[in-house]
Amino acid sequence: MTVDSFKFLPRLIAMFYRMTKREPQTPIPWTPLGRPLSECIFGLVTSGGLYPRGAGHPFDVERERQEPTWGDPSFQVIPSDIESSAVGVSHLHFNTTDVEADFNILLPIHRFLTLVEEGRIGGLAASNYSFMGYQGFPPDPTDWEERFGPEVAEAFINEGANCVLLTPA
Amino acid sequence: MPVLARTLEAAGLSTIFVTMMPYWAEKIGVPRSLAVEFPFGHSLGEPGNVEQQMRVIRQALDVLETAEKAGTIIHSDERWPHPTDLAIKAWQPEEPSPVIASLAPTFKEMLRKRRERRE
Numbered sequence: 001m002t003v004d005s006f007k008f009l010p011r012l013i014a015m016f017y018r019m020t021k022r023e024p025q026t027p028i029p030w031t032p033l034g035r036p037l038s039e040c041i042f043g044l045v046t047s048g049g050l051y052p053r054g055a056g057h058p059f060d061v062e063r064e065r066q067e068p069t070w071g072d073p074s075f076q077v078i079p080s081d082i083e084s085s086a087v088g089v090s091h092l093h094f095n096t097t098d099v100e101a102d103f104n105i106l107l108p109i110h111r112f113l114t115l116v117e118e119g120r121i122g123g124l125a126a127s128n129y130s131f132m133g134y135q136g137f138p139p140d141p142t143d144w145e146e147r148f149g150p151e152v153a154e155a156f157i158n159e160g161a162n163c164v165l166l167t168p169a
Numbered sequence: 170m171p172v173l174a175r176t177l178e179a180a181g182l183s184t185i186f187v188t189m190m191p192y193w194a195e196k197i198g199v200p201r202s203l204a205v206e207f208p209f210g211h212s213l214g215e216p217g218n219v220e221q222q223m224r225v226i227r228q229a230l231d232v233l234e235t236a237e238k239a240g241t242i243i244h245s246d247e248r249w250p251h252p253t254d255l256a257i258k259a260w261q262p263e264e265p266s267p268v269i270a271s272l273a274p275t276f277k278e279m280l281r282k283r284r285e286r287r288e
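Going down the list, the protein sequences come from chains A and V.
The first sequence begins at 1 in this note's numbering and counts up one residue at a time.
The second sequence begins at 170 in this note's numbering and counts up one residue at a time.
Any given hint could be a false lead.
[Stated by the list, open to error] Far from chain V by the CB rule (all over 12 Å, computed), these chain A residues: (1) 53; (2) 54; (3) 57; (4) 58; (5) 77; (6) 79; (7) 82; (8) 83; (9) 85; (10) 86; (11) 88; (12) 126; (13) 133; (14) 141; (15) 162.
[What the hints assert, rightly or not] Calculated pairs, SDA-like style, for lysine to any residue (alpha carbon to alpha carbon, straight line, at most 25 Å): (16) V:258 with A:137; (17) A:21 with A:70; (18) V:282 with V:272; (19) V:258 with A:18; (20) A:7 with V:246; (21) V:258 with A:65; (22) V:196 with A:150; (23) V:258 with A:102.
In case anyone wonders, no lab produced these hints; they're calculated from the structure.
In this text, a Cβ means the ideal position worked out from N, Cα and C, and glycines have one as well.
Kindly produce the complete structure, drawing on both the sequences and the hints.
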C-alpha cells in the first residue's frame, strides 16, 4: 500500500501544498542506532500543541489569532509520569477532542511504558517535549532549527536518551 | 516538523518520524519515516484503541531498527477504520484556523483564475 498524503486534506490546502517546489538539503542527517532497541532510551516529541496544565501554559494562540501568519515556536515539557487529566492541548489547526481523550495518539507515553515492561526497548526518558506544529505562513522553522530543536536535543542527551519518536499532528 | 527530525538526528539522536504526509518527509528529507494513512491529529491511531496504537508503534520501531540509509520512508498497511468523508470533517477544527480564515478568499481566487486559464 502507498500512503496518499492528500487523502484527508481539504482541496484548497492540497492545492497549495502541491504547488510547493522543494528539494531536500543533502546530506540528510544520520545517526546510526549502534545498539539493540532493548538497550535504547527513548524520548517522545510531538507537534500536537500538548502542554501540562498547571505546570506549563498553553501555546500562544491568542497572538496567532491577532497575527494569523505567526505560529508559536516554543516547546513544553511533558513528564513521563504526568496524570492523563493534566495534559491540555492548544492548537488551532485540528480538532483536539480525540487527543484530549487519549494523548497517546500523539504522545504515546503509556504505550512506551508497556514496551519498556516487555523489554522491547531499554527505557523512556523522564521528560518528553511538545511543540505546536503551525510555524506561520509561509512556514518558517528557523527558531526550531536554530534554538528550540537543539535545546530539546541537548535535554534528551543529558537525560540519557539516544532515540526519539516524533509525531506531527 | 520534518525539520525537527533532522535537527535532533544531526545532534546525535536516532529518530523515527511517524507521518500522515510522506510527501513532506520526502521533500524535506527526513532520516527515517513510517507513513500512515490516518487523518491529521491521529498519527498513532484512535483514542482508546490500544491495539491499533501498538501496531503502528511496533512498525515504527521496526523501521528505526532496520532502515539502512537516510531518507528511508516505509508505508504502513494500516487503514483508517471510518469512511474518508467523515474523517475529513472530523479532524478539522470547528472554526477554521486564523490563517485559513484570512487567506481562503485569496486561494479561492487563485483556483478560479487557474480554472479560467484552462477553459
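Hint check:
{"no.": "1", "hint": "53", "verdict": "holds (18 Å)"}
{"no.": "2", "hint": "54", "verdict": "holds (22 Å)"}
{"no.": "3", "hint": "57", "verdict": "holds (19 Å)"}
{"no.": "4", "hint": "58", "verdict": "holds (15 Å)"}
{"no.": "5", "hint": "77", "verdict": "holds (15 Å)"}
{"no.": "6", "hint": "79", "verdict": "holds (19 Å)"}
{"no.": "7", "hint": "82", "verdict": "holds (17 Å)"}
{"no.": "8", "hint": "83", "verdict": "holds (16 Å)"}
{"no.": "9", "hint": "85", "verdict": "holds (14 Å)"}
{"no.": "10", "hint": "86", "verdict": "holds (17 Å)"}
{"no.": "11", "hint": "88", "verdict": "holds (15 Å)"}
{"no.": "12", "hint": "126", "verdict": "holds (16 Å)"}
{"no.": "13", "hint": "133", "verdict": "violated (6 Å)"}
{"no.": "14", "hint": "141", "verdict": "violated (4 Å)"}
{"no.": "15", "hint": "162", "verdict": "violated (6 Å)"}
{"no.": "16", "hint": "V:258 with A:137", "verdict": "holds (23 Å)"}
{"no.": "17", "hint": "A:21 with A:70", "verdict": "holds (22 Å)"}
{"no.": "18", "hint": "V:282 with V:272", "verdict": "holds (16 Å)"}
{"no.": "19", "hint": "V:258 with A:18", "verdict": "holds (21 Å)"}
{"no.": "20", "hint": "A:7 with V:246", "verdict": "holds (15 Å)"}
{"no.": "21", "hint": "V:258 with A:65", "verdict": "holds (22 Å)"}
{"no.": "22", "hint": "V:196 with A:150", "verdict": "holds (22 Å)"}
{"no.": "23", "hint": "V:258 with A:102", "verdict": "holds (20 Å)"}
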